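Chemist: The primary structure of each chain is shown beneath.
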Amino acid sequence: MKEETEHASHDCCAHHTHHHELVIDGVSVTYRDIVALDRVQMATSCGNRVALIGPNGAGKSTLLKAIAGLVPKSAGEIRWRGTSVKKWSREFAYLPQREEIDWSFPITVRGLVEMGRYPQTGWWRKFSKEDTAAVDTALESLNLGDLQDRQIRELSGGQQQRAFLARALAQEAHVLLLDEPFTGLDRNAALLLGDLLAKLAEEGRLVIASHHDMATVPALFDEVLVLNTQQVAFGSVDQLTPELILETFAMPA
Amino acid sequence: MIQELLSSPFYQRTLAAAAFIGFTNGFFSGFVVLRKNALSVSALSHTMLPGIALGILVTGVLSQWNAFFGAMFAALLVGLGSVAVSRGKRVAEGTSLAVLYTAAFAAGVAILPKLETRTELEHWLFGDILAVGNTDLWIAFSIGSVILLVTNLLMRPLLVTLFEPNVAAAQGVPTRLMQYLIFGMLVLALVASLQAVGCVLSVGLLVTPAATVSLLTDKTSALFWGGGLIGGLGSVAAVILSSPLGISPGPAIVILLGILFILAYLFSPKYGLLVPKMISKKHS
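Top to bottom, those sequences are chains A and B. Here numbering that gives the first Met the number 0 is used: position 177 in the first sequence is 176, and no number is missing along the way. Here numbering that gives the first Met the number 0 is used: position 207 in the second sequence is 206, and no number is missing along the way.
Where hints are given, some of them may not hold.
With a cut-off of at most 25 Å between alpha-carbon atoms, the simulated BS3-like pairs for lysine-lysine come out as follows [unchecked claim]:
#1 B:Lys269 x B:Lys218
#2 B:Lys269 x A:Lys125
#3 B:Lys269 x B:Lys35
#4 A:Lys128 x B:Lys218
#5 A:Lys86 x A:Lys72
Rather than coming from a laboratory, the hints here were simulated on the basis of the structure. Since we're looking at a predicted model, the values are computed, not measured.
Whenever a hint applies, use it, and build me the whole structure from the sequences.
Modeler: As structure tokens, then:
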């Protein structure tokens, strides 16, 4: 039942993809005087899973953070559903790399997912029935119901990813920005997460994730953006095969 | 003897002060624990001493207000000063804080006994809660109310700032303001505890309660309310126990809180060192 209500809120995505387009238009990011990201240009829409591929320091994380509004853009624009996203959109959820998370923070899985409702509730409003229901639904749909009272460190790697995804669902985010979600997962957990991302995309969400393993890209994603500070290539996984990507990298810059 | 004491208005005032200060500081210790830099709080607490000396020196009068404002001024100055020095990138914040606070503390130890107004160094170093007056009680009560009000009103943005500063910033939380607010309340809490435990021991009251609770629960809100409870009840119990045991109340408070922490560390059902573990699931 709860699954259905989840679907309902995202139905629009599946049917009117042109309304749910994310355009990254010439986005650059500079840290002091170092160029981390140089004029990235791509467009994609809800229902897709986009892999960001490139060597270390290629700007994968930076691009995710720029979309999420965590780092300022020095040039360019991000448009979501036709309007420019100035700083942050509630419809975007960012999942940091695991090393960036303070796992010892005394917070339970449920507490973490409840944080996803803060943008809706603001600083003061009490949790309404709707908020509680959204948290419950998110926990259920990611199979975290039994784990909701665990402290976040007490979860396996895959469960931790799911807990942060549940927070994104509670937030009712349409665009999921994941930084190296498959790092540190064992084979089984990686398979589960792959299926989960496919399901989330099928429900009409847009998944964008940095990824380091080129071989698994075709199985896990629909589109690839190859980055090396500048944009090297962007296209569907059918066109941009791992072999072709490797070839691109072999070419002297 | 204790019954006799309990009926004395002085003693009642002492217990009330212990309860206020203990609860406020215990509550706020949740933030100190989450900020993970308890040692810098220790540095700040020491800088209150020269502040007190300065407050008395400048005004020439020994009054609680002069001492408190002096202490607050000095802690703010050194705390913000160390941040400013570390902005220069050459010196790390911990380093600059250590340099500034020891120098300031030394100056305080040197100046205070030389002041014309009779004031006991020991009183400011380790507290003297039995001498608590109505003014002290009012100061403790006002500071406690401000801290409890502000932290409860801003609990969500404060917690998000501490957990994921960059995500919080992206969501429009003024994280810089939140950090300064935590710092400001920290200084207030330190000043409030001056009378009870003095500047050297004040850190104990501002760290130990929530540190103890963190061994017993994973709920974020419990860290604050549980810390307040342990701080308040612990302080009152310590004051009551201190006279039959012949210990000064200030040290007694910090010792009792320390014992509770060690007990939790050893016997906590979940994290206790001496408690057989369930199948512990470490994250990969």
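Chemist: Each hint: holds or not?
Modeler: Right, here's what the structure says about each hint:
no. : hint                : verdict
1   : B:Lys269 x B:Lys218 : 13 Å, holds
2   : B:Lys269 x A:Lys125 : 30 Å, violated
3   : B:Lys269 x B:Lys35  : 21 Å, holds
4   : A:Lys128 x B:Lys218 : 21 Å, holds
5   : A:Lys86 x A:Lys72   : 10 Å, holds
In this structure, only the earlier hint numbered 2 is contradicted, and the remaining ones agree with it.
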